[in-house]
Amino acid sequence: MTIPPGSTAVCTSVFDTRNRYGLQEKQILLVTDIKKTPYIDLRMTGTLLRAIEYSPAVVRFENVMPDGSVSATITATNLLAEAVTMESATTTIEGLEVEVVAGDQEAARSWTIQLKSNAPLAVGQISGMLKLNFSTGTVDIPVVGDVAPIVQATPEQIQFSSTSSGEVKRMAMLRSGDGRVFDLLSAELKDAVGTVSLKKLSEGKWQLSLSVQAESVASGAAVEVKTSLESQSLIRIPLVK
-19 MTIPPGSTAV CTSVFDTRNR YGLQEKQILL VTDIKKTPYI DLRMTGTLLR AIEYSPAVVR
41 FENVMPDGSV SATITATNLL AEAVTMESAT TTIEGLEVEV VAGDQEAARS WTIQLKSNAP
101 LAVGQISGML KLNFSTGTVD IPVVGDVAPI VQATPEQIQF SSTSSGEVKR MAMLRSGDGR
161 VFDLLSAELK DAVGTVSLKK LSEGKWQLSL SVQAESVASG AAVEVKTSLE SQSLIRIPLV
221 K
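Just so it is clear: in the sequence shown, position 150 is 130 by the working numbering, and no numbers are missing.
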(Lines of atoms letter the chains of each structure in order from A and count residues from 1; the text may use other names and numbers.)
(Lines give C-alpha, C1' and ligand atoms only; values in the text may rest on other atoms or scores of the structure.)
Protein backbone atom coordinates (compact mmCIF):
# COMPACT_ATOMS: atom_id res chain seq x y z
CA MET A 1 0.00 0.00 0.00
CA THR A 2 1.29 3.48 -0.91
CA ILE A 3 -0.06 6.69 0.60
CA PRO A 4 0.85 9.72 -1.54
CA PRO A 5 2.83 12.55 0.10
CA GLY A 6 0.58 15.07 1.80
CA SER A 7 -2.20 12.54 2.33
CA THR A 8 -3.24 11.11 5.67
CA ALA A 9 -4.57 7.71 6.74
CA VAL A 10 -6.16 7.08 10.11
CA CYS A 11 -6.66 3.62 11.59
CA THR A 12 -10.23 3.60 12.91
CA SER A 13 -10.68 0.04 14.14
CA VAL A 14 -9.17 -3.42 14.48
CA PHE A 15 -11.42 -6.50 14.39
CA ASP A 16 -10.57 -9.95 15.72
CA THR A 17 -12.10 -12.48 13.37
CA ARG A 18 -10.98 -15.42 15.52
CA ASN A 19 -10.53 -15.60 19.26
CA ARG A 20 -8.87 -18.93 19.93
CA TYR A 21 -5.54 -20.67 19.54
CA GLY A 22 -4.41 -21.38 16.01
CA LEU A 23 -4.55 -19.25 12.87
CA GLN A 24 -5.47 -15.64 13.65
CA GLU A 25 -6.73 -12.94 11.34
CA LYS A 26 -7.20 -9.25 12.10
CA GLN A 27 -8.92 -6.65 9.94
CA ILE A 28 -7.67 -3.04 9.95
CA LEU A 29 -9.78 -0.28 8.43
CA LEU A 30 -7.95 2.92 7.40
CA VAL A 31 -9.80 6.14 6.60
CA THR A 32 -7.88 8.42 4.21
CA ASP A 33 -8.34 11.78 2.50
CA ILE A 34 -7.57 10.19 -0.87
CA LYS A 35 -10.63 10.55 -3.09
CA LYS A 36 -10.03 7.36 -5.05
CA THR A 37 -9.48 5.26 -1.93
CA PRO A 38 -11.26 6.85 1.04
CA TYR A 39 -11.14 3.51 2.84
CA ILE A 40 -8.34 0.99 2.88
CA ASP A 41 -9.01 -2.49 4.24
CA LEU A 42 -5.93 -4.33 5.54
CA ARG A 43 -5.69 -7.82 6.95
CA MET A 44 -3.03 -9.28 9.23
CA THR A 45 -2.65 -13.00 9.71
CA GLY A 46 -0.58 -15.13 12.03
CA THR A 47 -0.66 -18.07 14.41
CA LEU A 48 -1.32 -17.78 18.13
CA LEU A 49 0.43 -20.57 20.02
CA ARG A 50 -0.60 -21.98 23.37
CA ALA A 51 1.66 -21.19 26.28
CA ILE A 52 1.26 -24.84 27.34
CA GLU A 53 0.89 -27.67 24.84
CA TYR A 54 -0.65 -30.88 26.18
CA SER A 55 -1.51 -34.39 25.04
CA PRO A 56 -4.00 -35.98 24.74
CA ALA A 57 -6.51 -33.23 24.01
CA VAL A 58 -9.28 -35.36 25.58
CA VAL A 59 -8.87 -38.12 28.18
CA ARG A 60 -11.16 -41.08 27.41
CA PHE A 61 -11.96 -44.07 29.61
CA GLU A 62 -13.71 -47.04 28.00
CA ASN A 63 -15.14 -50.35 29.29
CA VAL A 64 -14.93 -49.20 32.90
CA MET A 65 -16.51 -51.12 35.78
CA PRO A 66 -17.45 -49.26 39.01
CA ASP A 67 -14.86 -51.15 41.08
CA GLY A 68 -12.26 -51.36 38.32
CA SER A 69 -9.07 -49.31 38.29
CA VAL A 70 -8.41 -46.77 35.55
CA SER A 71 -5.45 -44.54 34.77
CA ALA A 72 -4.30 -42.17 32.06
CA THR A 73 -1.04 -40.32 31.46
CA ILE A 74 -1.04 -36.72 30.28
CA THR A 75 1.99 -34.71 29.19
CA ALA A 76 2.29 -30.93 29.24
CA THR A 77 5.06 -28.83 27.67
CA ASN A 78 5.95 -25.18 28.18
CA LEU A 79 6.28 -23.47 24.77
CA LEU A 80 7.32 -20.09 26.16
CA ALA A 81 10.89 -18.86 26.45
CA GLU A 82 10.42 -17.94 30.10
CA ALA A 83 9.94 -20.39 32.95
CA VAL A 84 6.44 -21.50 33.90
CA THR A 85 5.33 -22.95 37.24
CA MET A 86 2.68 -25.63 37.68
CA GLU A 87 0.76 -24.48 40.75
CA SER A 88 -1.76 -27.32 41.09
CA ALA A 89 -3.42 -30.21 39.27
CA THR A 90 -6.98 -31.26 40.14
CA THR A 91 -9.99 -33.03 38.67
CA THR A 92 -13.72 -32.35 38.95
CA ILE A 93 -14.62 -36.06 38.83
CA GLU A 94 -15.33 -37.87 42.09
CA GLY A 95 -13.40 -41.13 42.35
CA LEU A 96 -10.37 -39.87 40.38
CA GLU A 97 -7.18 -38.30 41.69
CA VAL A 98 -4.32 -36.44 40.01
CA GLU A 99 -0.60 -36.90 40.59
CA VAL A 100 2.31 -35.10 38.94
CA VAL A 101 4.71 -38.01 38.47
CA ALA A 102 7.49 -36.19 36.61
CA GLY A 103 8.42 -32.61 35.95
CA ASP A 104 11.45 -30.47 35.24
CA GLN A 105 10.69 -27.96 37.96
CA GLU A 106 13.80 -25.77 37.62
CA ALA A 107 13.58 -25.21 33.88
CA ALA A 108 9.81 -25.68 33.97
CA ARG A 109 9.73 -27.14 30.47
CA SER A 110 7.62 -30.29 30.77
CA TRP A 111 5.44 -32.30 33.14
CA THR A 112 3.92 -35.77 33.24
CA ILE A 113 0.59 -36.07 35.02
CA GLN A 114 -1.25 -39.25 35.96
CA LEU A 115 -5.03 -39.37 36.37
CA LYS A 116 -6.18 -42.50 38.20
CA SER A 117 -9.05 -43.90 40.23
CA ASN A 118 -8.92 -43.84 44.02
CA ALA A 119 -12.52 -44.91 44.76
CA PRO A 120 -15.40 -46.71 42.99
CA LEU A 121 -16.79 -44.67 40.09
CA ALA A 122 -20.49 -43.91 39.76
CA VAL A 123 -22.36 -45.89 37.10
CA GLY A 124 -23.15 -43.76 34.05
CA GLN A 125 -21.28 -41.24 31.97
CA ILE A 126 -17.94 -39.81 33.01
CA SER A 127 -17.94 -36.11 32.22
CA GLY A 128 -15.63 -33.60 33.83
CA MET A 129 -12.32 -31.79 33.63
CA LEU A 130 -8.68 -32.24 34.48
CA LYS A 131 -7.55 -28.77 35.56
CA LEU A 132 -3.86 -27.92 35.31
CA ASN A 133 -3.14 -24.58 36.94
CA PHE A 134 0.02 -22.88 35.66
CA SER A 135 1.48 -19.47 36.41
CA THR A 136 0.34 -18.50 32.90
CA GLY A 137 -3.26 -19.64 33.42
CA THR A 138 -5.41 -22.74 33.67
CA VAL A 139 -5.54 -25.57 31.14
CA ASP A 140 -8.83 -27.52 31.15
CA ILE A 141 -8.65 -30.99 29.60
CA PRO A 142 -12.01 -32.79 29.11
CA VAL A 143 -12.33 -36.25 30.70
CA VAL A 144 -15.07 -38.47 29.27
CA GLY A 145 -16.15 -42.10 29.35
CA ASP A 146 -18.77 -44.57 30.53
CA VAL A 147 -18.99 -46.69 33.66
CA ALA A 148 -21.06 -49.81 33.01
CA PRO A 149 -22.92 -51.52 35.87
CA ILE A 150 -21.43 -54.80 37.08
CA VAL A 151 -24.89 -56.35 37.13
CA GLN A 152 -27.07 -55.37 34.19
CA ALA A 153 -30.86 -55.53 34.23
CA THR A 154 -32.92 -56.57 31.21
CA PRO A 155 -35.15 -54.73 30.61
CA GLU A 156 -33.76 -51.56 32.15
CA GLN A 157 -37.31 -50.56 33.08
CA ILE A 158 -40.51 -52.60 33.37
CA GLN A 159 -43.45 -51.27 31.39
CA PHE A 160 -47.14 -51.35 32.35
CA SER A 161 -49.95 -50.23 30.07
CA SER A 162 -51.96 -47.26 31.29
CA THR A 163 -55.10 -49.34 30.72
CA SER A 164 -53.83 -52.38 32.65
CA SER A 165 -55.86 -53.50 35.64
CA GLY A 166 -55.76 -56.33 38.13
CA GLU A 167 -52.76 -58.59 38.58
CA VAL A 168 -50.07 -58.23 35.91
CA LYS A 169 -47.04 -60.51 35.67
CA ARG A 170 -43.65 -59.36 34.46
CA MET A 171 -40.11 -60.81 34.37
CA ALA A 172 -36.62 -59.32 34.41
CA MET A 173 -33.13 -60.78 34.13
CA LEU A 174 -30.04 -59.77 36.07
CA ARG A 175 -26.67 -60.86 34.73
CA SER A 176 -23.05 -60.03 35.39
CA GLY A 177 -21.43 -57.88 32.71
CA ASP A 178 -17.95 -59.28 33.32
CA GLY A 179 -18.85 -62.84 34.27
CA ARG A 180 -18.32 -62.49 38.01
CA VAL A 181 -20.44 -64.47 40.48
CA PHE A 182 -22.96 -62.62 42.66
CA ASP A 183 -25.96 -63.37 44.85
CA LEU A 184 -29.28 -61.58 45.21
CA LEU A 185 -30.12 -61.07 48.87
CA SER A 186 -33.63 -59.65 48.59
CA ALA A 187 -36.09 -57.87 46.30
CA GLU A 188 -39.08 -55.69 47.10
CA LEU A 189 -41.51 -53.36 45.36
CA LYS A 190 -41.51 -49.64 46.10
CA ASP A 191 -44.67 -47.56 45.48
CA ALA A 192 -46.46 -50.58 44.03
CA VAL A 193 -48.41 -53.52 45.49
CA GLY A 194 -47.45 -57.09 44.61
CA THR A 195 -44.78 -59.74 45.04
CA VAL A 196 -41.30 -60.45 43.70
CA SER A 197 -39.60 -63.84 43.59
CA LEU A 198 -35.95 -64.61 42.81
CA LYS A 199 -34.56 -67.57 40.91
CA LYS A 200 -30.90 -68.34 40.27
CA LEU A 201 -30.47 -69.62 36.71
CA SER A 202 -26.68 -69.99 36.75
CA GLU A 203 -23.57 -68.39 38.25
CA GLY A 204 -23.89 -64.70 37.49
CA LYS A 205 -27.47 -64.90 36.15
CA TRP A 206 -30.78 -64.44 38.01
CA GLN A 207 -34.45 -64.17 37.11
CA LEU A 208 -36.98 -61.87 38.79
CA SER A 209 -40.68 -62.74 38.58
CA LEU A 210 -43.07 -59.91 39.45
CA SER A 211 -46.79 -60.06 40.16
CA VAL A 212 -48.08 -56.50 40.45
CA GLN A 213 -51.48 -54.89 40.94
CA ALA A 214 -51.45 -52.57 37.94
CA GLU A 215 -53.63 -49.91 39.59
CA SER A 216 -51.11 -49.56 42.42
CA VAL A 217 -48.14 -48.55 40.25
CA ALA A 218 -47.42 -44.96 41.28
CA SER A 219 -45.00 -42.39 39.93
CA GLY A 220 -41.47 -43.37 40.95
CA ALA A 221 -42.39 -47.03 41.50
CA ALA A 222 -39.58 -49.58 41.20
CA VAL A 223 -38.33 -52.98 42.23
CA GLU A 224 -35.26 -52.68 44.45
CA VAL A 225 -32.85 -55.60 44.60
CA LYS A 226 -30.05 -55.99 47.14
CA THR A 227 -26.94 -57.85 45.97
CA SER A 228 -23.82 -59.32 47.53
CA LEU A 229 -21.60 -56.91 45.59
CA GLU A 230 -20.05 -54.18 47.70
CA SER A 231 -19.66 -51.81 44.76
CA GLN A 232 -23.23 -52.37 43.50
CA SER A 233 -25.19 -53.39 46.56
CA LEU A 234 -28.52 -52.03 45.30
CA ILE A 235 -30.13 -52.30 41.88
CA ARG A 236 -33.24 -50.26 41.10
CA ILE A 237 -35.45 -51.18 38.14
CA PRO A 238 -38.16 -48.54 37.50
CA LEU A 239 -41.79 -49.56 36.96
CA VAL A 240 -43.21 -47.31 34.25
CA LYS A 241 -46.89 -46.86 33.48
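Honestly, I wouldn't trust all of these hints.
[Unchecked claim] With a Cα cut of at most 30 Å, we get these calculated DSS-like pairs of lysine-lysine:
no.: 1; residue 1: 221; residue 2: 206
no.: 2; residue 1: 111; residue 2: 170
no.: 3; residue 1: 16; residue 2: 6
no.: 4; residue 1: 170; residue 2: 185
no.: 5; residue 1: 179; residue 2: 149
no.: 6; residue 1: 221; residue 2: 149
no.: 7; residue 1: 96; residue 2: 111
no.: 8; residue 1: 149; residue 2: 96
no.: 9; residue 1: 170; residue 2: 180
no.: 10; residue 1: 180; residue 2: 96
no.: 11; residue 1: 170; residue 2: 149
no.: 12; residue 1: 111; residue 2: 149
no.: 13; residue 1: 180; residue 2: 149
no.: 14; residue 1: 206; residue 2: 170
no.: 15; residue 1: 206; residue 2: 180
no.: 16; residue 1: 111; residue 2: 179
no.: 17; residue 1: 96; residue 2: 170
no.: 18; residue 1: 179; residue 2: 206
no.: 19; residue 1: 185; residue 2: 206
no.: 20; residue 1: 206; residue 2: 149
[To be verified] Quick list of simulated restraints, FRET-style, between CB atoms:
no.: 21; residue 1: 142; residue 2: 92; range: 54 to 62 Å
no.: 22; residue 1: 70; residue 2: 128; range: 24 to 32 Å
no.: 23; residue 1: 218; residue 2: 92; range: 40 to 48 Å
Treat the hints as calculated values from the structure; they're not laboratory data. Glycine is no exception: its CB is placed at the ideal position from the N, C-alpha and C atoms.
Take a quick look at whether residue 221 and residue 149 sit within 30 Å of each other, Cα to Cα.
With Cα atoms ~14 Å apart, residue 221 and residue 149 stay inside 30 Å; holds.
Hinted pair, alpha-carbon criterion (30 Å max): residue 170, residue 180. Please report holds or violated.
Answer holds: residue 170 to residue 180 is near 22 Å, not above 30 Å.
Could you grab the alpha-carbon distance between residue 96 and residue 111 and see if it respects the 30 Å cut-off?
holds (14 Å)
Are the Cα positions of residue 170 and residue 149 separated by 30 Å at most?
Distance of about 16 Å is within 30 Å: holds.
In this structure, is the beta-carbon distance linking residue 218 and residue 92 contained in 40 to 48 Å?
Taking Cβ atoms as reference, residue 218 and residue 92 lie about 44 Å apart, which means the hint holds.
Restraint check for residue 149 with residue 96, where alpha carbons must lie at most 30 Å apart:
Violated, at roughly 45 Å.
Holds or violated: residue 185 with residue 206, Cα cutoff 30 Å?
holds (14 Å)
Sort out whether residue 179 lies within 30 Å of residue 111, counting only the CA atoms.
Roughly 48 Å between the alpha carbons, so the hint for residue 111 and residue 179 is violated.
Between residue 206 and residue 149, does the CA-CA distance stay at or below 30 Å?
holds (21 Å)
Going straight from one Cα to the other, do residue 221 and residue 206 come out at no more than 30 Å?
holds (24 Å)
If you draw a straight line from the CA of residue 170 to the CA of residue 185, is it 30 Å or shorter?
Satisfied, since the Cα-Cα distance of roughly 23 Å is no more than 30 Å.
Is residue 206 close enough to residue 170, meaning Cα to Cα at most 30 Å?
holds (13 Å)
The structure fails hints 2, 8, 10, 12, 16 and 17 (numbered hints given earlier, in ascending order).
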